[in-house]
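Same order as they appear, the protein sequences are chains A and B. Mapping to this note's numbering: the first sequence position 159 is 309, numbers consecutive. Mapping to this note's numbering: the second sequence position 33 is 563, numbers consecutive.
Honestly, the hints are just simulated from the structure, not real lab data. On a predicted model such as this, the values are computed, not experimentally measured, just so you know.
Using 30 Å as the maximum straight-line C-alpha spacing, the simulated DSS-like pairs for lysine-lysine come out as follows:
id: 1; chain 1: B; residue 1: Lys731; chain 2: A; residue 2: Lys304
id: 2; chain 1: A; residue 1: Lys254; chain 2: A; residue 2: Lys331
id: 3; chain 1: A; residue 1: Lys224; chain 2: A; residue 2: Lys254
id: 4; chain 1: A; residue 1: Lys304; chain 2: A; residue 2: Lys227
id: 5; chain 1: B; residue 1: Lys642; chain 2: B; residue 2: Lys739
id: 6; chain 1: A; residue 1: Lys304; chain 2: A; residue 2: Lys331
id: 7; chain 1: A; residue 1: Lys254; chain 2: B; residue 2: Lys739
id: 8; chain 1: B; residue 1: Lys739; chain 2: A; residue 2: Lys283
id: 9; chain 1: B; residue 1: Lys642; chain 2: A; residue 2: Lys224
id: 10; chain 1: A; residue 1: Lys227; chain 2: A; residue 2: Lys364
id: 11; chain 1: A; residue 1: Lys227; chain 2: B; residue 2: Lys739
id: 12; chain 1: A; residue 1: Lys224; chain 2: A; residue 2: Lys304
id: 13; chain 1: B; residue 1: Lys731; chain 2: A; residue 2: Lys264
id: 14; chain 1: A; residue 1: Lys264; chain 2: A; residue 2: Lys254
id: 15; chain 1: A; residue 1: Lys304; chain 2: A; residue 2: Lys283
id: 16; chain 1: A; residue 1: Lys264; chain 2: A; residue 2: Lys304
id: 17; chain 1: A; residue 1: Lys331; chain 2: A; residue 2: Lys227
id: 18; chain 1: A; residue 1: Lys283; chain 2: B; residue 2: Lys731
id: 19; chain 1: A; residue 1: Lys227; chain 2: B; residue 2: Lys731
id: 20; chain 1: B; residue 1: Lys739; chain 2: A; residue 2: Lys264
id: 21; chain 1: A; residue 1: Lys224; chain 2: A; residue 2: Lys261
id: 22; chain 1: B; residue 1: Lys731; chain 2: A; residue 2: Lys224
id: 23; chain 1: A; residue 1: Lys283; chain 2: A; residue 2: Lys320
id: 24; chain 1: B; residue 1: Lys731; chain 2: A; residue 2: Lys261
id: 25; chain 1: A; residue 1: Lys160; chain 2: A; residue 2: Lys304
id: 26; chain 1: A; residue 1: Lys283; chain 2: A; residue 2: Lys261
id: 27; chain 1: A; residue 1: Lys254; chain 2: A; residue 2: Lys304
id: 28; chain 1: A; residue 1: Lys160; chain 2: A; residue 2: Lys364
id: 29; chain 1: A; residue 1: Lys283; chain 2: A; residue 2: Lys254
id: 30; chain 1: B; residue 1: Lys739; chain 2: A; residue 2: Lys224
id: 31; chain 1: A; residue 1: Lys261; chain 2: A; residue 2: Lys304
id: 32; chain 1: A; residue 1: Lys254; chain 2: B; residue 2: Lys731
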Amino acid sequence: MSEAPIVSIKNLSKYFGRFAALENVSLDIQAGEIFALLGPSGCGKSTLLRIISGFETPSEGELLLDGEDLIPLKPNKRPINMVFQSYAVFPHMSVEDNVAYGLKMEAVASKDIKQRVAESLAQVHLTDFSHRKPHQLSGGQRQRVALARVLVKKPRLLLLDEPLSALDAKLRDAMRLELVKLQEAVGITFVIVTHDQSEAMAMADRIAVLSEGKLRQVATPAELYQRPVDAFVADFVGTIHAFDVVSVSISESDINKPLTITTNELGELVCPPSIAADSIFIDQGVSQLAGQSVLAVRPEHIELHLEAPHNNAAINQSSHGRAQLMGRLGDIAFQGQHSIVEVMLDGRDSLTAIVSNTVAQTLHQSGHGSPIWASWSTANMLLLPNHALPA
Amino acid sequence: MAMDKVKRHRNKRKPFEYSRKWSLRSVFLMATVFLYVPIVVLILFSFNNSRRGGNVIWKGFTTKYYDKAFHNEDLMLAFGNTLTIAVIATIVSVILGTFTAILLWRFRFPLKPLFEGLVSLPIVIPEICMGVSLALFFTKMGWLGNTSDVWPFNLVNIIIAHITFCFPFAAMVIRTRLQSFNREMEEAALDLGATEFQVFKDILLPHLKPGLVAGALLSFTLSLDDFIVTFFTSGPNTVTFPVKIYSMVRFSVTPEINAASTVLILLTLVLTFFALRVQRNSDVVE
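Bound conformation, chain A alone (with noise of 0.2 Å):
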């Protein structure tokens, strides 16, 4: 990471009229990595593959590739090429006359052409489909012509628009996997566009989290998840139960000591410090965190028992490092290698614990409405400011 990086984006906003669909984005991206946008639709992460692309210009900033500066150059004069989300493959060239045609703009010898023609698609197992016209192909073979169009020029950098959401479920599982090894045969950088956090997670060596044309935070998948930025950010990437803080106690004096954090549902919690985000203790006084911050847990750290795990202790009475919380049973939902539990509480939305199949089963046999408790260790816990929850 501290070689200079590939794509140098500074401080880049993109306006239309008063909206701001891009607001002092500053981003690095290093060469050879899988680099995401995500964001949910309308976030400017399209604007701003728009703009690497050369189809928008930047209303302020800087975009550097190779430390070169990229605005000046018109589309078709950039080393970079883009995997369009309707693959755009041209409907009345055959497959090998759309792969070629990037070369022919070019003007490679023919004799060149013809060869590395046949290696991109051999790249893209697309070798006995040469002569077929894009009507005769289906959607994932079309996005395969696609990708053999932009490969062949061998890019510096190649963009990828929602690469996956036109294939149905199984063909993007396996496509994900597909991508990750090409990019790693040929060793380009990748950018790729997507609402899909899964998608991200699962391909990606980094992602940036956009939304309303501010950037979130940039980090790898495991970073992402386990210590995100904000409550928007965690509920992103995953699913989060959210518990408003009412009151914080830090010592100001030493960093390390337990948090006791108050939530109206939880009660008073003792909580290791590192379930902090990073940005609580940097932009935000101790003072401020009431109200606008959140205490939020996922739903593999939630265990559910049939029986208060403190018999001695108060209903929602939460101790020993762990919270508590009483509810009543709700819906299960099968989920193959493990089911998914709704409980249902008062005031306040359901929790969703991931749990066995087993203990489904169990749960399952006393019936739904039930009184159950849900349970948690605080150090699973985010304490995480919340600008701006989705509603």
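Based on these hints, arrange chain B on the given structure of chain A.
Structure of chain B alone, referenced to chain A:
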């Protein structure tokens, strides 16, 4: 009982199932009869061996009127004029129509709705008005076809007149085709290194091909059989086929006219056949 029910259910007719309702079937039959019987009669009577006038009573088979029509210099000249006008007007209309369609599809500019309306005005304006106004315009400008002018410049005012009412149709058809163009296709070509002109040539034009063929066919047939506008804009020495036929019919309806018309029908049929084949080939590509 069960069988009965199934049968009755199957026999229930839907309101527009014209092949199974005698009332709709007869409407269909009558429409076909009124459309095609006159044409069939016209073709049949081009082989009628009747000497003169009327041409309504069958007097035996002959092909001599085809021979006669082909040797009628005035008629052949008119036929040649008509084809010349139609070909030039079609080419110009399609080119003009293509650029108009692209302009309206691609760009935003002030007064665009007004421009759009003006382009399609010749489609709705009565032909007689166009004929009169164009005749006045050409007279005022002194652009009257002169026999002394070199072919095809002697036909220039008719050609201009035909272009004015043909190209809006071409533009309309081509614009409809443009609606189905995926702009990502254009961006993909740019991304692969093509220039704007190469995108137009390699990507947009092939996509437009069915629209261009349809626009050309429409322009050609409109120009070929136009009477009203041509009647007003043609000079005494620049007669077209429909105008010539009109003057011949006023004199008498001979099988010669039928023969010439049959040749024209054949010509349009052949053209339509080829146009449809081009259309079908490019439809498969979609």
